[in-house]
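Generate the whole structure from the sequences, applying the supplied hints.
Read off the chains here:
Number of protein chains: 2
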Amino acid sequence: MTTDVGAERGRVAVIGAGSIGLGWITLFLAHGYRVRVNSTRSNIETVIHDALRLFTPGLPGASRDPADLAGRLEIEPDLERAVADVAVVQENTPENLEIKQDLFARLEKHAAAGTLLLSSTSTMLPADLGARMDNPSHLIVGHPFNPPHVIPLVEVVGDTTSDPDAVSAAAEFYRSVGKTPVVLRRPIAAFAANRLQSALLQESIHLVREGVVTVAELDDIVTGSLGPRWATVGPFQSFHLGGGPGGLRNWLGTLGSGLQQGWAALGRPVLDEDTLDLVLDQTDQAFGGIAYEELAARRDRLQKAVLAAVASADDAPPPRSGS
Amino acid sequence: MTTDVGAERGRVAVIGAGSIGLGWITLFLAHGYRVRVNSTRSNIETVIHDALRLFTPGLPGASRDPADLAGRLEIEPDLERAVADVAVVQENTPENLEIKQDLFARLEKHAAAGTLLLSSTSTMLPADLGARMDNPSHLIVGHPFNPPHVIPLVEVVGDTTSDPDAVSAAAEFYRSVGKTPVVLRRPIAAFAANRLQSALLQESIHLVREGVVTVAELDDIVTGSLGPRWATVGPFQSFHLGGGPGGLRNWLGTLGSGLQQGWAALGRPVLDEDTLDLVLDQTDQAFGGIAYEELAARRDRLQKAVLAAVASADDAPPPRSGS
Chain B
1 MTTDVGAERG
11 RVAVIGAGSI
21 GLGWITLFLA
31 HGYRVRVNST
41 RSNIETVIHD
51 ALRLFTPGLP
61 GASRDPADLA
71 GRLEIEPDLE
81 RAVADVAVVQ
91 ENTPENLEIK
101 QDLFARLEKH
111 AAAGTLLLSS
121 TSTMLPADLG
131 ARMDNPSHLI
141 VGHPFNPPHV
151 IPLVEVVGDT
161 TSDPDAVSAA
171 AEFYRSVGKT
181 PVVLRRPIAA
191 FAANRLQSAL
201 LQESIHLVRE
211 GVVTVAELDD
221 IVTGSLGPRW
231 ATVGPFQSFH
241 LGGGPGGLRN
251 WLGTLGSGLQ
261 QGWAALGRPV
271 LDEDTLDLVL
281 DQTDQAFGGI
291 AYEELAARRD
301 RLQKAVLAAV
311 ASADDAPPPR
321 SGS
Chain W
324 MTTDVGAERG
334 RVAVIGAGSI
344 GLGWITLFLA
354 HGYRVRVNST
364 RSNIETVIHD
374 ALRLFTPGLP
384 GASRDPADLA
394 GRLEIEPDLE
404 RAVADVAVVQ
414 ENTPENLEIK
424 QDLFARLEKH
434 AAAGTLLLSS
444 TSTMLPADLG
454 ARMDNPSHLI
464 VGHPFNPPHV
474 IPLVEVVGDT
484 TSDPDAVSAA
494 AEFYRSVGKT
504 PVVLRRPIAA
514 FAANRLQSAL
524 LQESIHLVRE
534 GVVTVAELDD
544 IVTGSLGPRW
554 ATVGPFQSFH
564 LGGGPGGLRN
574 WLGTLGSGLQ
584 QGWAALGRPV
594 LDEDTLDLVL
604 DQTDQAFGGI
614 AYEELAARRD
624 RLQKAVLAAV
634 ASADDAPPPR
644 SGS
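Protein chains in written order, with our numbering: chain B, 1 to 323; chain W, 324 to 646.
I should point out that these hints are in silico values taken from the structure, not numbers from a laboratory.
Backbone N, C-alpha and C define an ideal beta-carbon position, used for all residues, glycine too.
Hints should not be assumed to be uniformly reliable.
Covered by chain W, according to a simulated footprint, are these stretches of chain B (three or more residues, beta-carbon under 8 Å) [said to hold, decoys possible]:
(1) 176 to 187
(2) 271 to 285
Cβ-Cβ distance ranges computed for the label pairs, FRET-style [what the hints assert, rightly or not]:
(3) B:R249 / W:G355: 35 to 43 Å
(4) W:A454 / B:P94: 52 to 60 Å
(5) W:P383 / B:N135: 55 to 63 Å
(6) B:R249 / W:V593: 17 to 25 Å
So, in structure tokens, the structure goes:
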């Protein structure tokens, strides 16, 4: 069974209203969906309205009126009623396998057959999440990067238990709210983007631990080189261009020969107490004096500007022959 | 002895005019320096004028006239004459230790005492480069990220053989041409940025090898998430904000507990023939149909736009208490 969610702006249920849930709510509303929120927070209405005011300036494109968005918002504390007659459920409950397994078993009972059941989990696979369901075929991971209303990527992860049409429908749904879904070709622990991030963080902590740079200097290195590079072309195209007109083949023939040796020399830090203290102290020194809200607002403002700049400078993107 | 190169726009010698050398020449000229180029290329004058036309649109800030830049250019095929009466030498010869050791021994003879002798090497340390010099105290690595006229970072690397004042003067010189120098607190093989890049590339190749994503999909993941994130805030500030108002301390207390386990699960691919074939085939499919010049021009256009967007959106950067 396929689920056509892109053709009309129907109703989406969002379960859980932490920072990820609130980002999704803002984004789905901004793209014309009616959003029904199911949350255990007592002051949920205030929380959402605050989030809409805080998050709408970060949305891509023209500025939006939070009040317009709120017009399509419904609060429904009862799970059964929350997921009745919706095309899509996006759940954002805590990263706890028991909680999520229970939730999906209940969703299966209350949602219509064919409803897309999407999880924002960053750590769990669909087959595990659906272990208590009779039919987990429409349970798909849709893992956003934080904040979900700003960063384009959504990793769409199916499993051996998944209906391929449901995987496609999930990707289509995320495209309908302006996201860049990438469907993983097979499930893997921690998915792709967080594995890449973890690999870079491991070497970052090694360099700080070895006294080569401080936390603040490490950040300056990345925002001054790899960040702007990878905001525009990915690692493979980067290396392909690094090889000059001969491309990646040429690059691997010259500098690339040292690649494998370089990997062997990368750090394998241990997160012992001394290392944690060092990293935390330097982080406090670098950023501790500035309020969270101020840093987060700056991050969102800059990320929105970067994404808009790439889109605008890329008005004539070159065709791509592969996928 | 200190070398004050920022106070006046003096004369800089650039040795070697491959793609890195040409980027430096463009940048130094654009910032008002007289640039004396020493190169073995027979058609060097044509090569430089072509590069000035190609590279000036990528320079940060207002548009420049390549002809204005060329007015401060001198070609000097004789090394002795090329480095006489210059404040700074930036060498960009091939990554060959013998060649560079010979070069620095000759530079020591011909350049005035106190001349900053800077190397663009991405792999060698000052103590090794200066092994044939009597006094290598002013030999400092100034490693740019490609392309040097676009990407802000320069890694400034001294060694046990270096005069700390020469290290400071090198950083000051790079600041005088609009770069973001980061001085490494101690020398380390491959420096910092390429180690970070290598760590991420290792996991990228693992994910392609395992069939989780294709080369093109891996690039989409990075340009859709980590790139825009790290173009604005570095890895540590990113994690600090990921912890919410509790900061990195909070993040390490929740998601961070899985960090060390995650590192153990990262891939350790072997660059055997099958892996290289897979990566090269998918790279050809993704980018092989588009001319190098077109891809490189797009990369430079987008990177310039990204850097300008960050600078412009960051008109009121928060103060930083640490360095």
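Q.
Range first: 17 to 25 Å. Now tell me if the beta carbons of B:R249 and W:V593 are that far apart.
A. 19 Å, holds
**Q.** Distance restraint evaluation - B:R249, W:G355, Cβ atoms, bounds 35 to 43 Å
**A.** Between B:R249 and W:G355, where Cβ atoms are some 40 Å apart, the hint holds.
Q: Establish whether the coverage given for the stretch 271 to 285 of chain B by chain W is satisfied; the threshold is a Cβ-Cβ distance below 8 Å, and no fewer than three residues must meet it.
A: Since 8 is at least three, the answer is holds.
(Q) Taking the Cβ atom of W:A454 and the Cβ atom of B:P94, is their distance within the range 52 to 60 Å? (A) Check passed, 58 Å falls within 52 to 60 Å.
Q | Residues of the stretch 176 to 187 of chain B with Cβ under 8 Å from chain W, three needed, outcome | A | holds (count 5)
Q: Can you let me know if the beta-carbon spacing of W:P383 and B:N135 is within 55 to 63 Å?
A: 56 Å, holds
Against the hints set out earlier in the document, no violation occurs for any number.
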